[in-house]
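*Asks:* Dock chain W against chain V, hints included.
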Amino acid sequence: MKEELSVVGKGVPKVDAVLKATGKAVYGADFSLPGMLYGKVLRSTVPHAKILNIDTSKALKLPGVRAVITGRDFPWGLKYGFTAITRDQTPLAQDKVRYIGDEVAAVAAIEEDIAEEALDLIKVDYEELPAVFDPFEAMKEGAPQLHDHVKNNISASQHLAFGDVGKGFRESDHVREDEFTTQAIKHGFLEPHASVGLWDPTGKATLWGNKQSPYIVYRKLAMAFGLPPSKVRVIQTYVGAGFGSARSDPFALDFCALMLSKKTGKPVKFVYTMEDVLVMGEMRHPFYLRTKTGMTKDGYIKAIQVYAVADGGAYSTIGPVSIALPAFFIDIPYRIPNVKYDGYRVFTNKGFCGSLRGHCIAQLRWALGQHLDMMCNDLGLDIAEVSIKNALHPGDQTPSGYRITSCAFTECVEEAVEASGWKEKKGKLPPYHGIGMGTSSFITGVKLSGHNSASCVVKMNEDGTASVLTGATDIGQGSSTIVSQIVAEVLGLPMEDVIINSGVDTDFTPIDPGTYGSRVSFYSGNAAKIAAEDAKRQLAEVAAKVMKISPEEIIFKDRMVFPGSKTDKGWKIDALIRYAQHSMGKESKSIIGRGSYDSGVDFIDFKAGKGNISPTYTFATDVVEIEVDPETGKITILNAVGAHDIGKALNPILCAGQLDGAWVQAEGQLLFEELKRDKKDGHVLNPSFMDYKMPTSMDIPLKNKHIFVESIDPDGPFGAKEVGEGASVAIFPAFGNAVFDAIGVRITDLPITPEKVLKAIREKRQGK
Amino acid sequence: MRQLMRFNVNGVIYEEEIDHRRTLLEVLRENFGLLGTHKGCDEGQCGACTVLIDGKAVNSCLILAASVQGKKITTIEGLAQGEKLHPIQEAFVEAGAIQCGFCTPGTIMITKAFLDKNPNPTEEEAKRAISGNLCRCTGYFQIIDAVMKAAEKMRKVV
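Line by line, the protein sequences are chains V and W.
Be aware that the first sequence starts at 1, since it is given in my numbering, and climbs by one per residue.
Be aware that the second sequence starts at 1, since it is given in my numbering, and climbs by one per residue.
Mixed in with the good hints, there may be bad ones.
Straight-line alpha carbon distances no greater than 25 Å define the calculated SDA-like cross-link-like pairs of lysine to any residue that follow [unchecked claim]:
1) V:K693 to W:E124
2) V:K566 to V:I549
3) V:K24 to W:E124
4) W:K156 to V:G11
5) V:K24 to W:E125
6) V:K24 to W:T23
7) V:K703 to W:E94
8) V:K693 to W:E152
9) V:K24 to W:P121
10) W:K149 to V:N639
11) V:K10 to W:E90
12) V:K10 to W:K84
13) W:K149 to V:M698
14) V:K10 to W:E94
15) W:K149 to V:I549
16) V:K262 to W:R128
17) V:K703 to W:M148
18) V:K151 to V:K24
19) V:K610 to V:G166
20) V:K24 to W:G132
21) V:K24 to W:K153
22) W:K153 to V:V18
23) W:K84 to V:V18
24) V:K24 to W:K56
25) V:K24 to W:V12
26) V:K24 to W:P87
27) V:K24 to W:Q3
28) V:K24 to W:L62
29) W:K149 to V:P652
30) V:K703 to W:S131
31) V:K10 to W:R128
32) V:K703 to W:R128
33) W:K149 to V:P701
34) V:K693 to W:E90
None of these hints come from the bench; they were simulated from the model.
Here chain V stands alone, though its shape is the one from the complex (with noise of 0.2 Å):
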């Protein structure tokens, strides 16, 4: 029988949504506390320099400040960062700045502009080194060396090979090799990075702070001070967005509150300005992509074998898996038998990358899904057709071990290839007038090392209701109220009866990875579910003893628990919790459930490649259909489908939500999205949202249909699977196809301009 819900897979209203709605959510600069300070961070004005002195004697005579710290105030020589072998950030700058932004002084005044002021007294004398902006010079023999340890500035590099690409290709009847590039973009989130930070007299260093991955921080900052992690506590505000990294990690603002904290016996706030956070680490890494595809003339795919060369710019943050998971996605969604990847992330003086939105596979996809669509053009395939031969299936396990459990690919396939009338529009369509297919998968938890369990405890309360303890972090993704959905749920309350956490505190919720790798839902959602199944069953033990009948028949539905079916012998849930906590004698007490769950999915070897990355996979087909104005080289997007097997839409508002957001933030990157650098010192050219243009509500299309695609994992909380990140991928291909269609050239470098798309016109009507 169908299980009936009454809360999940609805669309309930954010548990956040009024207070957000009313202003009174507060976010990382609403935080404040009594006798704080102002803190402000002086960054490099030049690419590679060695610091032979900082002056801070003036400053530090300016009325007003009460605290001026450079790198000597921090742990010398200490490096924090994502492993043993990365370890390349300090807090500021120690003997070396390498790229222009790094920061390498604080100052701490009372007042705001008193402590900009001084950082103009500030005095720092450099020692010029010769700087590199271009990865591949930068990979040279004799290049400028950005980090003593590294040789050749490779940062991290991945080599994996499944099969025999060599004996693919002679298997194929068409093989061919072609290059890609993609751009530098931010995450663009509204809010820039704040932060207050108290180290008290206990030596407790506590720090508020708009994070998307509290624990990040609370580990990082730990390794920086040279401090037991109890000693660190991170407590999240609200976070106005995050989509990656760049809000996960510390960065320098929080290691200085705190260090200007102790130092002057004060709270310390800092506060970047959206050219701050436009300057500085971290950004979504450029690639150049060279790759070639092998297929059989009845449109089989035989290898694929990729080279990639990824800029990381100045500091390794989470570069070996940057640089690791395209090779792993190679083979998703497709049967591939044959499979090579030679990836390099390199140093340059730039500022650092990390992860965005689709964490490196957007660009891969951007090139193998433009790859299969020349590939079926030379062959005269139909890349939808293609697209279902290839596909993976239930049950399948990819060479690189990779266990496919819940999976409607094909599913999605037909379904957009349906809502986008494609079969009467591809091929059909008047010059200038064109339609595109991509196609992509994702992991729903990525396991690749570390801490990925996660908890939560669900504390039964007098009155009925129930509170909820998570560790997952909510950056408006939602996963407060999906956690909520779940509990509610279980327990047979309405949403309004589920009060949650509004934020992470390390020194009391449970200890959660963070929100990234797209795990949230599956990985936090199980844990609640885990939870709030584990006060159910607490409750449904008193209530069997109470209705003398055994704990397996008790229900509970509508704020009610039943002897089994007598719907009229049921008693008040609040009644049943004030019975056990009151009334069992010894035996009486608060019902507090927990939950913990990992997927059990071994960590990838990244060596070998060999492993199962995700303990499941989402599938996603977008079509996109445009009109290219030949006069401008301008693109209006006319029509888009995308079909995405979530597993299920736990919530459909909210996955909508999500799906839109993908798609758009995606099309910013293909269409104008960039951060442009000077080619002589590489300052950002474009530090303000005047140049640096995202997508407003006049670039999207007045028609974006999504369907969601319900395979019900047997693994996910009811079902469900990644919806955020994986809904930004397919989008990539889709649109260089449809560019293709439109206007027989090829765009292989992002983004498709008005000026790329002219000239390629032009250059095709004067038959180059």
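*Replies:* Structure of chain W alone, referenced to chain V:
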């Protein structure tokens, strides 16, 4: 230079000595504790700081506080009546127009100015009305839904 200034914000009179260089956004947030008006780009590009001056929407980061003394200033805090949300706020909550919520107060204020003038808009007009307010989360579709829904609610109220 500080001078005594007097403001009418959401019907409340604030009188304080304020530096004449301060923007309305800074004064709302730092002097009056009205933190619902958000500072995003601080240069008039994102719209997160949108408030109403005599019913007209402005970016409060671009307005010197001194210049709007004696005018009627409305911020996000001035819309709901106690626990009763304004229909625009209700519509934003129901339509899923709020994700991280950082742009929300500004977008609600621009919607207020828009619907007060145009109570029966088309979707295209709604789309244009919010075009100065950036949102990185929603992709705007659900915000446009919310504006249309709010218009409907407000027409019923009148």
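*Asks:* Next, verify each hint and record whether it holds.
*Replies:* Structure-based check of all given hints:
1. V:K693 to W:E124: holds (21 Å)
2. V:K566 to V:I549: The given pair, whose Cα atoms are some 12 Å apart, holds under the 25 Å limit.
3. V:K24 to W:E124: Between K24 of chain V and E124 of chain W the Cα gap is close to 30 Å, so the pair fails against 25 Å, i.e. violated.
4. W:K156 to V:G11: Roughly 24 Å between the alpha carbons, so the hint for K156 of chain W and G11 of chain V holds.
5. V:K24 to W:E125: Not satisfied, since the Cα-Cα distance of roughly 29 Å exceeds 25 Å.
6. V:K24 to W:T23: Between K24 of chain V and T23 of chain W the Cα gap is close to 21 Å, so the pair holds against 25 Å.
7. V:K703 to W:E94: holds (21 Å)
8. V:K693 to W:E152: Violated: K693 of chain V and E152 of chain W sit about 32 Å apart, past 25 Å.
9. V:K24 to W:P121: Violated, because 29 Å separates the two Cα atoms, which is more than 25 Å.
10. W:K149 to V:N639: holds (23 Å)
11. V:K10 to W:E90: holds (18 Å)
12. V:K10 to W:K84: holds (24 Å)
13. W:K149 to V:M698: Distance of about 19 Å is within 25 Å: holds.
14. V:K10 to W:E94: holds (12 Å)
15. W:K149 to V:I549: Answer violated: K149 of chain W to I549 of chain V is near 50 Å, above 25 Å.
16. V:K262 to W:R128: violated (50 Å)
17. V:K703 to W:M148: holds (16 Å)
18. V:K151 to V:K24: violated (51 Å)
19. V:K610 to V:G166: Answer holds: K610 of chain V to G166 of chain V is near 20 Å, not above 25 Å.
20. V:K24 to W:G132: holds (23 Å)
21. V:K24 to W:K153: holds (23 Å)
22. W:K153 to V:V18: holds (17 Å)
23. W:K84 to V:V18: Within the cut-off at roughly 10 Å; holds.
24. V:K24 to W:K56: holds (23 Å)
25. V:K24 to W:V12: Holds - the C-alpha atoms of V12 of chain W and K24 of chain V are around 18 Å apart, at most 25 Å.
26. V:K24 to W:P87: holds (17 Å)
27. V:K24 to W:Q3: At roughly 30 Å apart (the allowed maximum being 25 Å), Q3 of chain W and K24 of chain V break the hint.
28. V:K24 to W:L62: With a Cα-Cα distance of about 23 Å, the restraint between K24 of chain V and L62 of chain W holds, given a limit of 25 Å.
29. W:K149 to V:P652: At roughly 18 Å apart (the allowed maximum being 25 Å), P652 of chain V and K149 of chain W satisfy the hint.
30. V:K703 to W:S131: holds (17 Å)
31. V:K10 to W:R128: Measuring from Cα to Cα gives roughly 30 Å; hence the hint is violated.
32. V:K703 to W:R128: holds (15 Å)
33. W:K149 to V:P701: holds (19 Å)
34. V:K693 to W:E90: violated (30 Å)
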